[in-house]
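Engineer: Below are the chains, spelled out letter by letter.
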Amino acid sequence: MSKQSELIKEISGVNPLKCMKCGKCSASCPSFNEMDIKPHQFVSYVQNEDIEALTQSKSLWKCLSCFACVERCPRGVKPGKLIDAARQVLIRQRGQEGLTANEIPALLDDETPQQLLMSAFRKYRR
Amino acid sequence: MKYSYYPGCTLRNKAKDLDLYARKCAVALGFELEELTDWQCCGGVYPLGSDEIASKLPSVRALNDAKQKGQDLVAVCSACYHVLKRVNDDMANVADIQTRANNYMALEEPYKGETAVLHFLEVLRDRVGFEELKKKVVNPLTGRKIGAYYGCLLLRPSDVMAFDDPENPTILEDFIRALGATPVVYPYRNECCGGYISLKEPNLAASMCDKITSSAAGFEADCLVTACPLCKYNLNKSGKLPIVYFTELLAEALGVKEGDK
Amino acid sequence: MQKIGVFVCHCGSNIAATVDVKKVVEMAAKEQGVFHAEDYPYMCSEAGQSRIAAAVKEKGLTGIVVCSCSPRMHEATFRKAAERAGINPYMVEIANIREHCSWIHKDMTEATEKAVILMRAAVAKVHLNAPLMAGESRVTKRALVIGGGIAGIQTAIDIADAGYKVDIVEKTPSIGGRMSQLDKTFPTLDCSACILTPKMVEAASHENITIHTWSEVEKVSGFVGNFTVDIRKKARYVNMDKCTGCGVCQEKCPSKKPLNEFNRGLNTRTAIYTPFAQAIPNVPVIDANSCIKLKTGKCGICEKFCQVGAIDYTQKDEIITEQYGAIVVATGFDTIKLDKYGEYAYNESKDVITSLELERIMNAAGPTKGHLERLSDGKAPKEIVFIQCVGSRCSDDRGKPYCSKICCMYTAKHAMLIRDKYPDTNVTVFYIDVRTPGKNFDEFYRRAVEDYGVHYIKGQVGKVMPQADGSLLVQGVDLLDNKQILKKADMVVLATAIEPNPDVRKIATMLTASIDTNNFLTEAHPKLRPVESPTAGVFLSGVCQGPKDIPETVAQAGAAAVKVIGLLAKDKLKTNPCTAKSDELLCNGCSQCANVCPYGAITYEEKLINDHGIRRTSRVAVVNGALCQGCGACTVTCPSGAMDLQGFSNRQILAEVDAICR
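Residue numbers (the numbering used here), protein chains in the order written: chain A, 1 to 126; chain B, 1 to 261; chain C, 1 to 662.
Reference listing, derived: stretches of chain A covered by chain C, where coverage requires no fewer than 3 residues with Cβ under 8 angstroms from a Cβ of chain C:
1. 26-36
2. 67-81
Just a few of them, taken from the derived set where beta-carbon distance is under 7 angstroms, the chain A residues facing chain B:
3. I11
4. G13
5. Q88
6. L107
Don't read these hints as lab results, they were simulated from the structure. Even glycine gets a Cβ: it sits at the ideal position worked out from N, Cα and C.
From just these sequences and the hints, can you work out the full model?
Structural biologist: The following block contains the structure:
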């Protein structure tokens, strides 16, 4: 497991030790109420090497990468990059994609911009 | 003045207006957008992982093509601009990404972030100048109260994007003012519309967009202006306010909106 | 040929745990000219020093090398020991094998090898050392205090009480500083003005204190005991001797637009003004940037109404030059600018204010006459949110990395006072930590919570959103409940980080006093010499050295005064003999050394030179040993190698380099 926490730190470039637990990330997050593990908790899951729980978390699919947490963090921790790295670690495994080709037709409407499909592919699949 | 132009996937399809008006306005303002011949889709989202190289290459190709032409690279779509600018920053400042991307690319001369990436709005602000723009307005949008919607892509992370103040941006308000309209400032203008989440969780995106449009409506905005097709799509669903591309407003003010569409 | 003794200190285990001291002794004994080498657990102890004396006597040593801690710690100790043993103190060299070696290395072999090299370099230098004699300089028995806040006032009073003359230079129109802007003080809630004004009056009426307000330090030269300072007395346009302080001029002045600095720009003042009612001196100044008469030549109303003819539009800035033995920096602080913190909407909403602005709002002499009101619409706020650590404890470029120290306590104070006076107003405090180390401090904070019902939430605020109805929506987090909070507020108060007064950079440069990366002045030693600057004769008082509350500031101000008194009590000071000296035969009078000298110690003379029997007149550099501080800038600048630093000659330094490279 510790290998995976190292991998997350490497992919994200985040040093969890810089966090001072002020909560500004969670105070800024537009998806806070949707998340089971909250932005300020991401760092402790990585520090405690509890990667299993993190990668099974709903939060992976609720983070919008809007970077409000990254912009406002007073310690330069970048929680948004950390959760994105956890998502990467998960979807790089076979069968863990969050979006399959079969699902797509039902999700489209007449106005769906190409950009939305492209973005979703990049977020849900490797 | 000639700029290399990167339209991006959506401007070729669902957001043709955004592209068309941008080109028309460029002509009216005396600069030219020269589309790159071999551009590929930027991917819509900047690949955050430090070990993601292949997904950054389409951007590197576009950036290098502009470098070869000796031109600055202009994008109109917020997402394309965001991805191009961040990849460019990686190529200039992150040694590992620079080395590995160049190993893939096998260019005659390695690409090291030399190209300047500009949003169309930056061209208006920094090259044309809003004062100059004001002089070219033939149909001033007098009396219209317009809310600027920035979203996240143009502004954050500000250390890389360096586009405007990430919490208190003014570029779109200055733009609206230059067109003769009144900007409406409301606090949700830099909050996220939900982005990609609207594909699988439309309700979640809708609740976010509702906060944005309600807030703007509360401050008595007639409409919202955006530079991003995905923001427009998501915001439209809330139905509270008309959402328009900034290029459409610009074309209207410059008197080039109608005609050969 | 010197006879050198090498003394290697263990410093308990500080050195001996990482450096093989026996090995250093063994290697020292092999060095040319070393007649004695030994090690000892604590060389600085009485016993250690007497071993040096004994060895000098027994072996007839002429030079000493002590391998120990930094010369900043014990060079003086060992020089005195050498002097007692009959050797010139400048024949002692320290090889720093602690800070430069044992403390920064882990591997014993490597550290020992380095210690041996450092020892060799010191031995090589001692071979070229020559006895030096310290000169003497007199002490001007007058002190300068820069800054007239509570720190400067207290330092000045304490020095003056000891019988020495003190001048206070204050750049604003009145002494009083930040403390005069505060309403109440924690943890006793006594009125700030009530305890400050007696001090201001005491300073103003003290026979030994001269106060220069509306004045700035312009230039500083000289050295400890003998500073020469130019003070710019800015044109006040009011004759201080004639003015009675009646205030009619301020009532009549038609220029009412300038922002009132004393009220943090929350309201306006007139162009002729005294910043506050208890100002000292009670003589107004005319702000030339907004005075109609000075700008356009028309108006002159204040002159017309002044009964005593005190208005003088022709006044010019005046430079006075004074001599001082010591200088105290007491330049204080300001709050940081909040332009980079757009998420708090400080620039967008009048109802988002800093805590210092709240002090003015709560103060009877403030913009709202002490009524707690929203500045946007004058309504009484019913919900107030305080946000802690705004700009403090930040590692990014928006804020400051340090804790501002005073915010937790003044916020508890504000919250308590509001709840006391306006019981139907709710107060919420978002905090990261509540830091209350201080006498009766935590008790004070608990009173705010338990007796006054102040609602403390552990968590930060992400964004403050001004609403169309004029209220503020605060989006924060409660980390203990793990909930995001959306709270409607009428007023938001930001505990804004404090920073040293921006002018301090300029002053530090003039004084050659060092400042840290946050612009706080550096102490000579962070623990043992906290009120002295590393620059001799320059002392530190108050927040210019680091964040402090009032009692700490007053304590430090007194401590700085004691150091000044100790200096001024001396008639003469020993000067450092390690000064520059020019070789007249080599000097070609090019002036480059004089240009780089920060102390103005170098002049030129036409001199008759006897150059190996050939007599010629030549323009040569002459160093004033009393002014020279031995910085060495001239020696490296001199193109002909004529300038040399005694005790650190080019030959000595090259000998050290040779020894290290051997």
